[in-house]
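**Q** Below are the chains, spelled out letter by letter.
Number of protein chains: 2
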Amino acid sequence: MKFFKNIKKSRSTSDEIFYTQIKKIIGFVPKNLDHYKRAFTHTSLQLKDKDGHPVNFERLEYLGDSMLGSIIAAYLFSEVPEANEGYLTQMRSKIVSREHLNELGKDLELLDYLDTRISKSKIGNNIHGNLFEALIGAIYLDRGYNYCEKFITKKVINAYVDIQKLEGKITSYKGVLIEWSQKIKRDLNFEIYEDSGNQNVKHFSVKLFVDNKVVSKGRATSKKRAEEMAAKRAYFVFQSEIEKLL
Amino acid sequence: MKFFKNIKKSRSTSDEIFYTQIKKIIGFVPKNLDHYKRAFTHTSLQLKDKDGHPVNFERLEYLGDSMLGSIIAAYLFSEVPEANEGYLTQMRSKIVSREHLNELGKDLELLDYLDTRISKSKIGNNIHGNLFEALIGAIYLDRGYNYCEKFITKKVINAYVDIQKLEGKITSYKGVLIEWSQKIKRDLNFEIYEDSGNQNVKHFSVKLFVDNKVVSKGRATSKKRAEEMAAKRAYFVFQSEIEKLL
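One line per chain: the protein sequences are A and B, in this order. With UniProt numbering applied, the first sequence covers 1 to 246. With UniProt numbering applied, the second sequence covers 1 to 246.
Honestly, the hints are just simulated from the structure, not real lab data. All of these numbers come straight from a predicted model, not from anything done at the bench. It cannot be assumed that every hint is accurate.
Identical copies carry no separate label here, and so any pair may be met within one copy or between two of them.
Claimed, not checked - Heads up, simulated SDA-like pairs for lysine to any residue below, C-alpha to C-alpha not over 20 Å straight-line:
(1) K174 x R186
(2) K50 x V214
(3) K48 x E85
(4) K165 x E16
(5) K202 x V161
(6) K37 x R117
(7) K150 x A74
(8) K94 x G69
(9) K207 x G175
(10) K217 x R233
(11) K154 x Y75
(12) K185 x T41
(13) K165 x V237
(14) K48 x A83
Just chain A, same shape as in the assembly (with noise of 0.2 Å):
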């Protein structure tokens, strides 16, 4: 008996640590979390529902594929009026390269809660998106679409989608920010350090000094991506001193 119940216990346990990791994740209470567990169950399980169906992400990749084709195109609908269809299509495909989803999968540290036979490192670089838009798939199916929208407008839209950048009028903010120093002869530096703390994936994280004082941070799974998101947050600080000056 106490056996049991001490299965029960643990079971239960996993659980909640796996809510409180999909909130969190997710930035809102998950209702079934079951559409979140096989977002992250590996097809090398070969799990089966009680009618044979196979049980693992890759439905779900596909659902979440489209939800965040529509959310995004709605997204460039509304912020860019002047834009045709032609230019809609093309940033719509640069914000969903498989690229830069793979990014935001890596970022979310998503490839952590994947449970899988086989080793994880032996599992190509596309499952950090794949896995990121099984996580959009589940999230239809458990809150609808309003949700969806919400989480690709915080984790997508506001952490990574740039117009300006996208379409090529600034290719790289660190550069536009070493050259707006060099004019007004401020002192720029980038304070970079390895911070992957127990996370499968190397990180690494930024801090931005302008004349000694940091102005800005930036993690993320490259040196180069961390030092841009640093650059980003601080061209925004000085846009106003930047713009008029370049």
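Using the hints, position chain B against chain A.
**A** Same frame as chain A, now just chain B:
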């Protein structure tokens, strides 16, 4: 003064008529008619808004296309739980094919409402599907995702999506019915006549008789499709008998 009154009255009357037409097409109340007016505004009019941005259906078409994609994805996901992503992708392509969207636009007679400077007969066949997508975009802006889904479920899914047929299990309901009627020695007849009314696009109506009794009807823009529509309806009338026999 009387002159201005007349103008005002004639405007609101035309809005009144348009409101009633749109309400009939979409199946619920439109809130902001401007979106629907834009959905039926052709580029040839070269309209611009106060900020100088072009006013026509092209951007709405882009938006509607992507909403349609995700709604069909979600439908297939829940409707075919055993399907993998490859199947889901393929089935969606069939449902949202250009040919299929043109048929839907034709059957809703959307071309009747198009405001254009060039002759409607000079605009290519894709205009039907484009207007259908633009209408979905207008519904999304006017009433949101859930109403979009409502419209697509009613006008696309219930009316046209037939998974058995799309899978190629049944390629022609007419063929199946003929085979069945011959086997059980019942008399099957299609009565077809042109039935365009005042519409721009030619329409055909069909009555399907079994042993001289009307069992179903169909109406579409080609004889073949009207017959197939009636045959499909008859198929579901006799489904259990047919499945036992064939």
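**Q** Hint by hint, note whether the structure agrees.
**A** Against the structure, the hints:
no. : hint        : result
1   : K174 x R186 : within (14 Å within a copy, 80 Å between copies)
2   : K50 x V214  : neither (56 Å within a copy, 44 Å between copies)
3   : K48 x E85   : between (42 Å within a copy, 16 Å between copies)
4   : K165 x E16  : neither (40 Å within a copy, 45 Å between copies)
5   : K202 x V161 : neither (23 Å within a copy, 47 Å between copies)
6   : K37 x R117  : within (15 Å within a copy, 55 Å between copies)
7   : K150 x A74  : both (13 Å within a copy, 18 Å between copies)
8   : K94 x G69   : both (11 Å within a copy, 19 Å between copies)
9   : K207 x G175 : within (16 Å within a copy, 72 Å between copies)
10  : K217 x R233 : within (8 Å within a copy, 64 Å between copies)
11  : K154 x Y75  : within (12 Å within a copy, 26 Å between copies)
12  : K185 x T41  : neither (53 Å within a copy, 55 Å between copies)
13  : K165 x V237 : within (17 Å within a copy, 59 Å between copies)
14  : K48 x A83   : between (46 Å within a copy, 13 Å between copies)
In this structure, the hints that do not hold are numbers 2, 4, 5 and 12, in rising order.
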